[in-house]
Structure formats: C-alpha cells, structure tokens
Amino acid sequence: EADIYQTPRYLVIGTGKKITLECSQTMGHDKMYWYQQDPGMELHLIHYSYGVNSTEKGDLSSESTVSRIRTEHFPLTLESARPSHTSQYLCASRGFEAFFGQGTRLTVV
Amino acid sequence: AQSVTQLDSHVSVSEGTPVLLRCNYSSSYSPSLFWYVQHPNKGLQLLLKYTSAATLVKGINGFEAEFKKSETSFHLTKPSAHMSDAAEYFCVVSDSGGYNKLIFGAGTRLAVHP
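For the protein sequence lines, the chains are E and H, in the order given. Okay, so the first sequence: first residue is 1 according to this note's numbering, each after it adds one. Okay, so the second sequence: first residue is 110 according to this note's numbering, each after it adds one.
Treat the hints as calculated values from the structure; they're not laboratory data. Possibly wrong hints are sitting among the right ones.
Unchecked claim - Straight-line Cα separation of at most 30 angstroms, DSS-like style, residue types lysine-lysine; simulated pairs:
| no. | chain 1 | residue 1 | chain 2 | residue 2 |
| --- | --- | --- | --- | --- |
| 1 | E | K18 | E | K57 |
| 2 | E | K31 | H | K158 |
| 3 | E | K31 | H | K151 |
| 4 | H | K178 | H | K167 |
| 5 | H | K178 | H | K210 |
| 6 | H | K210 | E | K18 |
| 7 | H | K151 | H | K210 |
| 8 | H | K158 | E | K57 |
| 9 | H | K177 | H | K210 |
| 10 | H | K210 | E | K57 |
| 11 | H | K178 | E | K31 |
| 12 | H | K151 | E | K57 |
| 13 | E | K31 | H | K177 |
| 14 | E | K31 | H | K210 |
| 15 | H | K210 | H | K167 |
| 16 | E | K17 | H | K151 |
| 17 | E | K31 | E | K57 |
| 18 | E | K31 | H | K167 |
Said to hold, decoys possible - Here are the in silico distance ranges between beta carbons for each label pair:
| no. | chain 1 | residue 1 | chain 2 | residue 2 | range |
| --- | --- | --- | --- | --- | --- |
| 19 | H | A220 | E | D30 | 36 to 42 angstroms |
| 20 | E | I69 | H | S112 | 30 to 36 angstroms |
| 21 | E | D38 | H | T126 | 26 to 32 angstroms |
| 22 | H | S161 | E | K18 | 41 to 47 angstroms |
All values reported here derive from a predicted model rather than from experimental measurement. Every residue gets a Cβ at the ideal spot worked out from N, C-alpha and C, and that includes glycine.
Take the sequences, apply the hints, and build the full model.
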C-alpha cells in the first residue's frame, strides 16, 4: 500500500476563497507531482517538484501555486477559487514508478 | 518529445472473454512504460511496469503487457475479464533525461458485461 495522502477528499467552497490542498508522502521520494483531472478525462500535469525548494509549472496552465519546504509535503494553494477550478486534483510521488493519492474533488460554487 | 496514444477511448467486453487495451508511444530514448488503473472515485493504482528487463511484463490481477520496440507498442492484455476490471486504464511513458516527467495517455474506459 502506497503511503501518500491527500486531504481533504472532498471540498465545496465559495468563489473567492483561498484554499490549500494537502499532500504528504512517507516514502522519502524527491519527485512529486500535481495533476488535474476532470471526470472521465485524462490527467494534466500542473506542477512538479524534484526536491526541497524546487518547483516547476507543468504542461497545463494553472492559477494555483505550490511549495516544497519539506521532502514529504507538497501543498497546492488557490488564492482565489473560481468555478473554473472545479475538478479533481491528484498528487503523486515517484521513485521509479509513481504512487498516487486518493485525490481531492474540489467544487467551487 | 515523448508521447503516448491510447488507440481506443472505450472498450466493451463480456465477462470471461479476453481484454486488449492498445497503447503506442513515441520516444527518442529507451522508455520506461507503465499501465495504471483508476476505479471510480479512486486514485490511480499501478498495474505493471516495463523496465527493459523483459519484454513481457506481468502485473497484478492477471494483467500483462508486451513491449514491442519495432511497433512502439505496449498493449495491455488479460485472458479473461472479470466484472471488477471495469475501470479507466492509463498508459504512461516516462520522460527522458533527468526530469522524468510522466506522460499520460488519454485513457481507455473498459466496460465488462455479464
């Protein structure tokens, strides 16, 4: 069983709120990723990190930001949520293969 | 640049019949390839991985995949489908170089009928 955790699993918030999606792993992996996935659709890479203090934007433009202050922790923040941010957000960490969290399903109303 | 093409967006089979999910990749380097499965409202689970040790890779739940360099393919198969196999399947290639980004295919939705 992979040791990567995302909280919350489900979140419904109002427009304009600031939110942080949490992702933690206990495997000591340097590489971590955030993907955005709409229902029934493919995954799009929005952020990645290759270690502490290293973050890069992914292939899909996103208004979110990330930080990597500790190896095990890779939170994603939306400063002002909008309905267009409604989606599922998946966090992953990688040694050789990637391990995924259960995801956070975000709804902005 | 590397890319992945999953040739079928939907596949429907009867329980007990074989499953074939097709994946083609493009790569300038010797790739690392993976298949992941996603059940509804769940995260992704690794089914199997190709690491260049053997071209026929066996995974969990009776799935296997064969790496064919000449055809740039990595198709996923299972001899006999179960109802519990109904899910979304993603073929993934690892980016070359030191960055190792994972590049996902668009996914194939597998339906299994009684």
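Problem - Structure-inconsistent hints, enumerated in ascending order - result: none
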